[in-house]
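Given these sequences and hints, build the entire structure.
Line order of the protein sequences matches chains A and B. In this text, residue positions in the first sequence follow this note's numbering: the first is 5, and each later residue adds one. In this text, residue positions in the second sequence follow this note's numbering: the first is 3, and each later residue adds one.
Since the hints were made in silico from the structure, they are not lab data.
Cβ-Cβ distance ranges computed for the label pairs, FRET-style:
no.	chain 1	residue 1	chain 2	residue 2	range
1	A	F1052	B	V179	56 to 62 Å
2	A	V322	B	T231	46 to 52 Å
3	A	F1052	B	W193	21 to 27 Å
4	B	N290	A	Y321	15 to 21 Å
5	A	R342	B	K223	25 to 31 Å
6	A	F988	B	M40	24 to 30 Å
7	B	W193	A	Y321	39 to 45 Å
Computed list of lysine-lysine pairs in DSS-like fashion (alpha-carbon distance at most 30 Å, straight line):
no.	chain 1	residue 1	chain 2	residue 2
8	B	K87	A	K337
9	B	K294	A	K337
10	A	K312	B	K119
11	A	K337	B	K217
12	B	K223	A	K337
13	A	K147	A	K208
14	A	K60	A	K231
15	A	K337	B	K151
16	A	K337	B	K119
17	B	K292	A	K337
18	A	K337	B	K216
Residues of chain A placed beyond 10 Å of chain B at every Cβ, according to the derived structure:
no.	residue
19	T29
20	I67
21	A206
22	L542
23	V556
24	T968
Since this is a predicted model, take the numbers as computed values, not measurements. We treat Cβ as the ideally placed atom computed from N, Cα and C, and that holds for glycine.
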Amino acid sequence: MGMDFSTLRTLISRYCAGEENCVDTRTVYIGHKEPPPGAEAFIQQRFPDNRIVSSKYTFWNFIPKNMFEQFRRVANFYFLIIFLVQLIIDTPTSPVTSGLPLFFVIIVTAIKQGYEDWLRHKADKAVNQCLVQVVQHGKVSRKHSRKLTVGDVVYVKEDESFPCDLILLSSSRDDGTCYVTTASLDGESSHKTYHAVQETKAYKTEEEVNCIHATIDCEQPQPDLYKFRGNINIYMGNEPVSRSLASQNLLLRGATLKNTEYIYGVAIYTGMETKMALNYQSKSQKRSAVEKSMNAYLVVYLCILISKAVINTALKYVWQADPNRDEPWYNGKTESERQRHVLIRAFTDFLAFMVLFNYIIPVSMYVTVEMQKFLGSYFIMWDDEMFDEELGERAVVNTSDLNEELGQVEYVFTDKTGTLTENNMEFIECCVDGNVYVPDIICNGQVMPGAAGIDMIDTSPGPEAREREELFFRALCLCHTVQVKEEETVDGIKHGIHQGKSSSFYISSSPDEVALVEGMKRLGFTYLRLKDGQMEILNREDEIERFELLEVLTFDSVRRRMSVIVRSSTGELYLFCKGADSSIFPRVVSGKMEQIKARVERNAVEGLRTLCVAYRRLSPEQYEQVCHLLTRAKLEFQDQDKLVAEAYDLIERDLILLGATAVEDRLQEKAADTIESLHKAGMKVWVLTGDKMETAAATCYASKLFRRSTQILELTTKRTEEQSLHDVLFELSRTVLRHYGSMPRDASSGLSSEYIDYGLIIDGATLSAVMRPSQEDSNSGNYKEIFLEICRNCSAVLCCRMAPLQKAQIVKMIKSSKEHPITLAIGDGANDVSMILEAHVGIGIMGKEGRQAVRNSDYAIPKFKHLKKMLLVHGHYYYIRISELVQYFFYKNVCFIFPQFLYQFFCGFSQQPLYDTAYLTLYNISFTSLPILLYSLMEQHINMDILKKEPTLYRDIAKNSLLTWPIFIYWTVLGVYDAIVMFFGAYFLFDNTTFTSNGQMFGNWTFGTLVFTVLVFTVTFKLALDTHYWTWINHFVIWGSLVFFVVFSLLWGGIIWPFLNYQRMYYVFMQMLSSGPAWLSIILLITASLLPDVVKKVFWRALWPTTTERIQSADKLYKGQLSEFTPLAALHPPPRAGDHQRGSGTQRNPQRSDTPNKKVMFTRWQRAPDYRTFTPLLRFTDGSRLSRPGNASSGAGPETSV
Amino acid sequence: MVKEEQEESSNRPDNTAFTQQRLPAWQPILSASIVIPMFLLIGAAFIGVGVALFITSRDIQLQELDYTGDDSEHPCFKCRTNTEKCTCSMTFSIPTLFKGPVFFYYGLTNYFQNQRKYGASKDDNQLYGDLNYFTSPSTDCDPYTRDSKNMPIVPCGALANSMFNDTFTLSHTVNGVQKIVPLDGKGIAWWTDYNIKYRNPSITPLINAFNGTKKPTNWPKPIYELDTTDVYNNGFINQDFLVWMRRAALPDFRKLYRRITHDDYAAGLPAGNYTLTIAYNYPVHSFNGKKKVVLSNVSWMGGKNDFLGIAYIVVGSMCVVMSVVMLIVYARFKFAEDV
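Pasting the structure below:
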């Protein structure tokens, strides 16, 4: 009866599909076995099968869906509208002219997306078809992965990956644990331990497993990989046993079973509901500043287009007011045309003009920009200098949309650990009750003693102290989550030292822990393994001590500590706790706090990572209470995290301080050099770290973020305790602004070492106080502004004690400050992901803390030092390249369309196109597309090595300086000028004369072809003039394009094309070329068009040269050997360097050695080697922007911050 | 967008000049030391070409006769509004020998042959001799597709319909006797037009092809009778027709009417008095147009056009001036790059 009842319920619930979505838990019947009668009846839900669908389209919906998505882009939609207008109304140009490029673009994109989707389909199919082993009716049978359903019991062998999210039931190990690596999920290659529930771990064969009668209640799937709550109800006998389940019971799809022969698990989330699938979601698209300028220009051009159409339409009706012009006798109208309403006619005319001029916004610009970005990103991946031999990794490009943004960075937010430092921890010392221990450093087989003046381990400190010392060592041996891997080969990073007879490695997700355990080993206490809940330690006397591991209070970044509760073999209960000093000290009741605190601070100043260790002896009653607290918290579904945190808080108190440890994290190779370059390049570098202030500050000094001359401003809890935040902020801002107030302020262009160089240190708590929205008085609302003002004037900022979310908040705050600077965030760990996603450009370091940062980044590089090339070379190049690309595209389309606009004044505003359809169509697609594309891939205005050597060059392009309105207007005016020269040049040449020696006349198509020929040559030559780096590829495409144009024109006019219903171009081009004056006028018009630009270039280069141009000239002079000469590269030239250079200069240019100019220049060069200042005779508008490093030392003297 | 490279054998990128962006390259700089000589050179060359062009252009003789007749004194004034056949004649004199070959043009002003709809108003298939389109011409020709009796017009369209139909005779007064100057109507259109681009239907006699069609309403004669002297110069390949069908680029245009290459006039028109007799048919009064006749000879650079020569001289001088200015700046300020 009961069975029937529940079946009925199941049926009912199935038909109430609407309701089941509201249920926030799901119930899983293990092995599809209904719970026994009498048990609480659950509502059975429907679950999806285990099919993974990563593809976007199916065969049937590809065309409509893909079309819809493509036409959602504004540009595509615009061109579609133009095309439709051409189809509907009688327009001057055939629909082919806009339809062909549009459909070309659409089809190419569709093919690309279709291919990508096909690959995804294939991958999906492979995954879905793969066989998994499932226990059915007491036997293991094979099933396609996609047929797996929730409730199936799955059998997984070693090195297989889990087909869906499973709850571990039992494993081949007696303790019901298994080891898993989640490398493909979050990149952490360490082995993680998962546990089976006590009651099920004994079921080890398929028959036994088949007997398990249980249900699982768990939450509905959610994407967080590390969160899971559930309950298992096991029906044994009459009494159902309920156990809580947590993420340590959940095996995730995508993870791999390691070190364990087999496991049985029950599927709870399948297919698209697995945590892996839920994490597929794509990141929000980032847009670069260049793209924003491009869109702004586009709007301007759209306005130009519309105004052109409106002007022409209006003029047409003014002009046509005379009926003899509107309808001369030779050009009558049809009756229907006459009767059409004037407004409709005007609107049609407007549309026709729009169509005629629509080429001013070329569809191909979007394609070219996309191709440039896509292909360009390969150069980043191909860069051999960004390949790291050690890791075997090269740079990875996840988003190619941001290449040029790399050249625009103003703020760099960097993580410390693993980014600036190597995250390769080495145990340095520990301090127990004020006695310092340094492990023997083994060096070339010799035992090196620690530095003198430090108490060595041999100094016997007395029996009581010795006991505490051993307790400290035991504490460190027990309080961790390190695993022991007993094999030589591990699929991951090895942390290995030989351990007794068998070779073992310590593996942990935290390198600090490994360093500590290894350090303990060197001090005599070796952690052996965790077996059957017993932790085994080999002590100094080579005896094995066993401790029963009762509870692990795991580490989290909020508490910043972790604890274990163990029972020693004598039955005593201990709680060992280790964590950051700030989180330990408040909880300590006794111990030698003063000495330890002093030592910790000393170590922190040296840049070591410190941890404090404390313990607490628990009475059995207290332990009982602890267990009660924990189980209650863990059983709770809602607010579990909060309850657990509260429970931890209650447990970890009344501690007795044992000592502290110090671990060194060395700076990454060339980190200081990189930071210095970034500073010189005008970027502001902020270090955001979770570390303590002193450690972080020491790293900052070591990495030259702070120099000796830097005046440190502190904004920390320590200070705000003494004064109110308000006062501190105002005082700091006064300090900072005093100096800048007296000088002409040059906002935000970075480092100004003529003045005092400021560095700011702020900690997380103060930061959140600053960021907090105003509560009490109106003044506090200004805190943020004042803070930003201070930050803007500091060359370096260090934010310590930051939570991951705070990192993102800082980035966001700077991003949205009123100057809207471009930000870059770089980090290696999962805690940096939020800021990587928040910043304009997110860069991941392929560090030791997994792949999370890399996966979420826009670019990933193996080491921090690669950032230098990434920004200074690739970023610079791509910015230069794309800005030219964008400006040139607008320019060439003005040149293209403006003559057509002018022609309307001479053809009665009748929308007569000037150029033939083929020319209109192909101008942007083939005649002028490749040179600019290749330019935007190959151009190097300055040699790569110089860019790296001379980071100040980066300032030349800061603030989107090549895409400013004046430059845009210059290009547009140049385009209009060229168009006027071309059109009126041709106009006056055609004016009532014959071009040929046989007296025959040319028609309108010859006129258009002449203008078009001049146009194609002019815009191509203009690009050739701008090209500074002529490789054979540039030669090939530039001259090739012109040749192609000529060949095409000959062919197009040379044949009667059977598929065309008009032959208006027949022989036009040849006829034109057969005439001498046509050749002469083509040469004349090209020259006249290019002349002003060349003159402008030469004069600007001579009178107001940019740093770039100076370097180009200098580079040319020294034939690429520039980088060898220090005066050009270094900021402080040795006095003889100038002579040296003069010497070589003379050698290279003996014929010039007697010019008097030369000496003058070199003298200047010697005095101030800076490019901006070495010709002070000339006017410099921008000279003040650059610092005079020579005066830098006049700033404040060295100041210690701590 | 870009997938991570597969970590196969070695992840190391190819170390080639291309992938490392280190292709050998020529790196020119527009420095004054290059530009100044270049400008001087270009300037000199342009001035030279310009002077040559200008002198050549000045040597070209041009005789222009406006015969619109707007002025009441003008002999053609009477014909201006006359709808009937009207003939007028003008006299002019040539002071010196007008060197041959002399080309005889007619010119129209304020006439928009480049009007879009006007230019599109023709049926290319008809003009290619496709008989199917004789009976059903393209609607592009509206409203000149069919006549009032709904008969198809061949050649249809505004362009053909408005063909210029004034005719001219030129006579030379030799010893008081009018001597007709022979005018050559061949070779006035593009060779490709009458040989390839336009075709007559391959039916002989040509007239049969036009059964069931009408001539354009403005035409006095059907297309197969345009040239009474030469049967092969009729139909769509009639050269006067082809000259008209090649649309002018601008509203003031000139079209070749005849060449003077025959007999005594092959070397040119001798000095003397000439009479131009005009069969005045073509109305231009309504749109304020002007009609004229132009006699011109050509040089290697085509017809008379001072603009090209002047433009060359101007651009050339600009180059020279610029190079001088650059030189001054160079001397005064010592360009940084040219140490």
